[in-house]
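Peer 1: Residue-level listing of the chains:
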Amino acid sequence: MNFDPLVAEKRFGTGLSPHIVPPKSVDHMLEMLAGDDGMARRFVIPSFDKMRPQPLKIAQLGREKRKARGTDKFESASDAVRNINRDIRNRRLENLKFTMGRGIVTQDGFRERLTQFWSDHFTTIAKAGQFSHLISSAIEDTIRPNLTGKFSTMLRAAVLHPVMLGYLDQISSVGPNSELGKRKNNGLNENLAREILELHSLGVGGGYTQTDVRQFAELLTGLRYTVWRGFRFDERAAEPGAEVVLGKSYGGEGPASISDIYDALDDIAAHPDTARYIAQKLAVHFVSDTPNPDLVAAMAVRFQKTDGDLMAVYEMMLAHPAAWGVPLSKARQPFDFMVAAFRALGVTEKDVKSYSSRRMLRNISRPLRAMGQSWQLPTGPDGWPEQADHWITPQGIAARIQWSIGLAQEMGGAAPDPRQFVFDALGPNAAPEVQFAAASAEIKQEAIGIILSSPQFQRR
Amino acid sequence: MDRRDFMLRSLALGCSAAASPLVTPVALASAPWDNRLVVLILRGGMDGLDVVQPYGDRDMSGLRPNLKVGEAGHAHDLDGFFSLHNGLGSLMPLWTKGELGFAHAVSTPYRDKRSHFDGQDLLEAGTVSLGGTTQNDGWLNRMLGRVPGVQAETTYAIGIEQMLLTKGRAPASSWSPEVSFELSAQAQRLLELVYHDDPLYRAAAAEAIAIASDLEMSQDLDAETADMMSSNAEMMQPVGKGGSHRKLAEFAASRLRGHTRIAAFSIGGWDTHQTQSRFIERPLKTLSDTILTLRAGLGDVWGKTAVIAMTEFGRTARENGSKGTDHGTGGAMVFAGGAIRGGQVISEWPGLKESELYAGRDLMPTRDVRAHAAWMMRGLFGISNSDLERVVFPDLEMGNDPKILL
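The listed protein sequences correspond, in order, to chains A and B. When the letters of the first sequence are read in order and numbered with my numbering, they come out as residues 1 to 460. When the letters of the second sequence are read in order and numbered with my numbering, they come out as residues 461 to 866.
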């Protein structure tokens, strides 16, 4: 079996819509992906450099507040901190709203799903609430512009971004024999080096050892970021001498340089274990928790032959019969489930943009948490689990049902006719039992909730 | 007939709401045992050397210039050799009473790659290595499989995230006190219909409906627990306000006072790569709050309860370059409860000299954490050594009885 517009919209897109026409072919999907990123312009999420409140401003106000302790300026300094914290919270909710909005109204759903996939692959988590609005910016800077380029380009952008350097402690790692290391008695922190190898490239089953982690951590020293001075490569923090990572030596001649780090990342990106790991992960995310090995192998070969050209890898996935001819067996993750529900209900750009912060918190952010997916807060850098049975637990399904019925109740009289909605949400092949339930519920809102709670809606 | 089977059968028959089998209380056989077990999974790699500090080992202080131990770190002396991190100071009265103990220099069989995620999977799977890409059952579930008559409510995994620990063929419940769930009879009937042909959704929904109706029925019990907790107010003193971990512990206690015998949940935040002295405070507070909340909420049942807290690996013996520690191997585990023989740190201490460290960097594990968990289940539930060594923890040698239980 090959391309099917309904499968394309469910499996590779953000769900069916009563207004938006599904893609016509694999070529059409790829054309849209290669073309203009209209959603980024309609729902603008600023880059890290432009995001407000800026980390610098946050730090300055914090400093002023500490200085004002015990003086008559303390109250106004505290107010300023409170205000900026409120701005950060609202900004984060706006990022959530815009990220959802893109999925709800786009015709190019594959782009949104890929953005989610890679954001999860390169998970960053705000260690303090004060950075929570910057995660979306990092995604906007590192993932979204690099979706269709070389994997090595995305790898470099993602792991060297200030948000990642902070999250995985790279900013506090110093070469023990470097100028700063000796002066301040500082040293290595292995966290980022390990996670790049384990999570971002070769995978935990890949051919690396503790020695590689250690050597790579030494190589990565010198990457610095502070809110006061921004990002820079600081030779004085870089471990002197050459490092051997995965059998290849980097640097050693002359002063340490960031180009040695670029070289190592490029080699890691091109490693055969990376090709296999990325191919497997993509297939698991999009196609099946247990994907056809031929599909994975074909994608891995394409990755290697094209030097990690992601567009070519997607093309191989979408052209492969095993990407289409299997049942829709994955469970939509909570975020995607919500997006699909709004999309099926025909929510528009204007609707989305009118949602207040309070509503986003109460009706989206908290229910996401109850469903097991606190937005941008997975438990670790490995991101969210894929397996359907991780999500469809008693507490998870209860939260989904409760939210679905609540959403329809909130729509009140504006809720669609369930007998029509069942086809909007599920397509022309809506299961007879769901059609029956839609037609026989006493209350319209309950019928909508049941349709959204049905496995046919939640599976992809 | 166990509850889950009963629910599935009801669903399969497509019962009408009028008969309402899903909200009819099922007569419960008495639970197979009266003892209680709480398993806490400490995610992120707890630094055993900082929590239960071998301050009597003269090589200790040289390894960690900034992470002070013993008196210098305001820690509490335990036995002249080990001291307890001040962040768990509120548990010292339990140590004195014999309700708190530790094992040290322990680890799972996981070695060398030091990945959190594989390490946690292995800890919960209870195996020597991870079979294939996903291990699909946990050691607690395999233990339940050896006990005739266990029901879903015998065991609760608590929290929003699923735990591998209780996953598997034996019935076990999974719930989060943060989720509220109410359905009209008709919605329930129609959901049964739409879930009928999807086993994953059908089972999860049946369990959710059953748990929600159980919870409704046991509201009186919860009220009773709340009363008791307020009457134990002085015991609650060290417990801070708020925090979802307290809700989990309170929920666990309310279940364990009823038909539930085993509860499991997670405490995260142990991955202290940086400025550990600051960042370890919060998970320590969460751990001590959890234990104290359980104790207060369990009342008399505390006397029959054993709590074990275990982590995926310890951390490097040496401090790293940013006043934290990196992923290591050997570490510590925590025991608490009225059923344990506390006041002891069980350990064959390997020493901390360079040559005594694992791979020259980590505390050398001298015992498998699974052995301690196995002895505990043998003592609490009478599981045989052969079941423990072959089925629950394959390829484990339990060794001598560490005498953790009274």
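The set of hints was computed from the structure by calculation and includes no laboratory data. Please note that a few of the clues may not be correct.
Stated by the list, open to error - Simulated pairs of lysine-lysine, DSS-like, Cα-Cα distance not exceeding 27 Å:
| hint | chain 1 | residue 1 | chain 2 | residue 2 |
| --- | --- | --- | --- | --- |
| 1 | B | K813 | A | K182 |
| 2 | B | K557 | B | K573 |
| 3 | A | K281 | B | K573 |
| 4 | B | K745 | B | K557 |
| 5 | B | K528 | B | K764 |
| 6 | B | K764 | B | K813 |
| 7 | A | K184 | A | K50 |
| 8 | A | K127 | B | K707 |
| 9 | B | K745 | A | K127 |
| 10 | B | K745 | B | K528 |
| 11 | A | K67 | A | K24 |
| 12 | A | K248 | B | K573 |
| 13 | A | K350 | A | K150 |
| 14 | A | K182 | B | K528 |
| 15 | B | K764 | A | K184 |
| 16 | A | K24 | A | K281 |
| 17 | A | K150 | A | K281 |
| 18 | A | K184 | B | K557 |
| 19 | A | K184 | A | K127 |
| 20 | A | K150 | A | K67 |
| 21 | A | K127 | B | K528 |
| 22 | A | K350 | A | K50 |
| 23 | B | K764 | B | K557 |
| 24 | B | K813 | B | K573 |
| 25 | A | K127 | B | K573 |
| 26 | B | K707 | B | K764 |
Peer 1: Which hints, by number, does the structure contradict?
Peer 2: 2, 5, 6, 7, 11, 13, 15, 18 and 20
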